[in-house]
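First to last, the protein sequences are chains A and B. Under my numbering, think of the first position of the first sequence as 1, with each following residue one higher. Under my numbering, think of the first position of the second sequence as 1, with each following residue one higher.
Simulated from the structure, these hints should not be mistaken for lab results. A couple of the hints might just be wrong.
[Claimed, not checked] If you only want the chain B side, here are some residues facing chain A, beta carbon under 10 angstroms, derived:
1. S32
2. I262
3. M266
[To be verified] Which stretches of chain A does chain B cover? Using the computed rule of at least three CB atoms under 8 angstroms from a CB of chain B, they are:
4. 271-283
5. 287-301
Yeah, the Cβ is synthetic: ideal placement off N, Cα and C, and Gly gets one too.
What follows is each chain in one-letter form.
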Amino acid sequence: MVWLGFRNCFTNIHRNLLQVFQMALLMFLGIFMTTTFVRQISLFSPYSDYFDGNGFVLFDCGLDARNPENLYDKLEKTDDVNYIRYSGAESGGQSFIVYGFDKMALGYKPTLIKGKWLSEKRPYHSGRVNAVVSYTDKLDVGDDIEMEISGEKGGKFTVHICGMIANTALMLNPNGQENEGKGIRQYYSHDDYYFMDESMRTVSMIITDKAFADQFDGYFYSTRLYVRFKDDISTEELEENKNRLISEEYAVINSFDKVSSESRQYIFSKLVDVIPIALGSLILICISVAGVVLIDSKKRLTQYSVYYICGMKWYKCCIISMIQSFILAVTGFVLAVVAGGIMLRITGREKVMFEIGGSQILVCLLLLVYILVVSFLLPLHIIRKYTPVEIFKEKT
Amino acid sequence: MLQMIIRNFLNLIKRQYVIVIILVLSQFMAVSIILFAYGTYTANSVNLEAAQGEESKIILDFVDSDENTASELNMINATFASVMSDYDSMIQYIFPFVNPGKEEMKKLNEEYGIYSLENAFSVLGGMFTVDKDAEYKRKQCGGDWYSDEDLRKGNLLCCAGNTVKAEKGQKITLFGRQYTVVAKGIGDAWDPAAVNIPFSAIPGNLHMQAITIKFNRKIVKSEYDEIAGKLVDYFGEENVELTPKRVVELEIKQTFRSLIYISVLMGIISAFTVFVLYRFVLEERMHMTAVYEICGCTRFRAALIFLSEMLGILVVNTLLAYLLYMNVIRKKLEQMIPWFRMHYLEDNSRKLVMIYFVIIVVTILATLMVSLKKTPREILKEEC
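Use the sequences and the hints to build the structure in full.
Structure representation (structure tokens):
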């Protein structure tokens, strides 16, 4: 049966090529649409679980740099104190703000113009600190630069630039201003490199928190903090914690509840632009697949009748159709990925949203399942209406 | 020939109704998505925040220079009104922001409890009018507001917010002039600590900091550039600067660019589906075509019969999809989502649908060329 399915792909090659082309278009559309959809929720999805608990977003109003770990002792039922550490550094007259991103902060991958995003597991590259930098025309991916830590601490370390964030792309910013009502969006910022004055062009450099701890050794700032409490904390304890934080010169900017609900509203407002097109794409994909499979099945009715006369069951004929569709769909997927790669090469990564990740593969798998189901059920539905004699009679 | 077209068409519906349904649906989806993506894109092309419910506006800042102080306010005159009259249906209001200075403001605050000055106006047919919210404000203060005539003549009148320490009929001193209070806000009506004066009644020696032009709908990039260009020409390039355009995050640009690409892709898929389905229909009619040709019908005539039949379906379908989307679906979407006020340039929408339609026609022609290659002899030989 598998062999017959294979053979079907190579007989009537013109029709099958058209079908492969169509599958490639549909897979391409599926990947494209999913990427656009997923990018809308990617600002919040890595942090949605975190913000679903009880907690506060704080701003450190203290004049001196201090270690936020002390908050574990000062507050009741503290589950987690999260913050992004940062410090200043220089290299060849260029100022940098170096951020230490932990696993959670690395959850959002900004749009990179070149290279790849940091991995928590690979803080170093041949003894040099792996780093992703914000857009600048003075550095390039693959450069190794000698960094000098600013301020009293001093010291030097070498950085290997493994990725560069696209100009005006969103990135997590622990110093950014709060914008009421925008939920998680307020913790991201975007700058236009060419819009900034030459003197203001400070480059942001992101390294892993492990590399940050190794190089900066407790010499850091952390202006925005996220304190999460255990689930069994009472309202009174929360209120007490809030008062303690205020007395410790921390401004309680937001509660996790508020961030969570505002983020969902914000994400929904973004999705509304995409949902109708996503639904439209889905319907068009379904219609198009059904149309092509229907025609292919009608064309192969005589062939299936021959198989039937030779002793094959109808459902086995449908399995042959399924195998054929599977091969064509997989070929279409490969073509779609290649076409996507070519498109990204031509337009650049920052122009359009096209990625192959878990969600995209899942969508393609669902699409494949749909194609398989349709290519099994449609021929079965058509064949059942006729006997082989009727099919031959109609043919002649 | 017409009889043949009708007979073919009826046969198609009778025998291949599933294919006709798929054709119609795929075309409908493609037209809808192309229009939706276009609407989303244009609505967000200038003021990307507009999609979140904020209105579009242009802000023009005056360069802070001692030399041109006192000259800008006098430029808000009849010539300015005629320049802006081209856009009067779009303009919600024009707000010249006049700063009386810290001292004057402090005095107004202490004496009358005034914290801000309002002087918005609008333009209609080259004439100044009170801003379009005036009717609403009138109701909120019990019926009075200064008139268009007062605005044009620069009569010294004002409307005071609820907490302003001045009653209706009383005179208050602003910029060293006596203004009569003609209306008094009730409760939280408009800004309770503001005083609203006709802008023409503001002394011309005061420095104007900025002009905000608020539109009653989202404007597209071409409109933005046109209006901004006229404003800059009018006030002089050296005297004004447009508030730097917001640095739009890359992800938003990527999203809208992707949506446009997706809609194009859907158009291609739809055309491709038409190609595959119609090719099948023509293949099914091969025998009939061969018979036509044997009976003396030329191939061109046969192609014309099939083309007319298919065009009939596609023209009606595209037109219906366009009308249905623009008049029903779009309106429903606007009702369902309050901020969903897409701005469509009707001309461009039609052009897009026309482009899609031309692609479909080209596809059909290509299908005909591919399918009608064989001679009647070849067709009949194949069948045997």
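Comparing the hints with the structure gives:
1. With a least beta-carbon distance of about 6 angstroms to chain A, the hint placing S32 (chain B) at the interface is held under the 10 angstroms criterion.
2. Evaluation of the I262 (chain B) hint against chain A yields a held restraint, the C-beta minimum of about 6 angstroms falling below 10 angstroms.
3. Here the hint on M266 (chain B) is kept, as its CB sits about 6 angstroms from the closest CB of chain A, short of 10 angstroms.
4. Beta-carbon proximity to chain B at under 8 angstroms applies to 8 residues in the segment 271-283 of chain A; the threshold of 3 is reached and the given coverage holds.
5. For the segment 287-301 of chain A, the assignment as covered by chain B holds, since 9 residues bring a beta-carbon within under 8 angstroms of that chain's beta-carbons and 3 suffice.
Hint violations for this structure: none, all hints satisfied.
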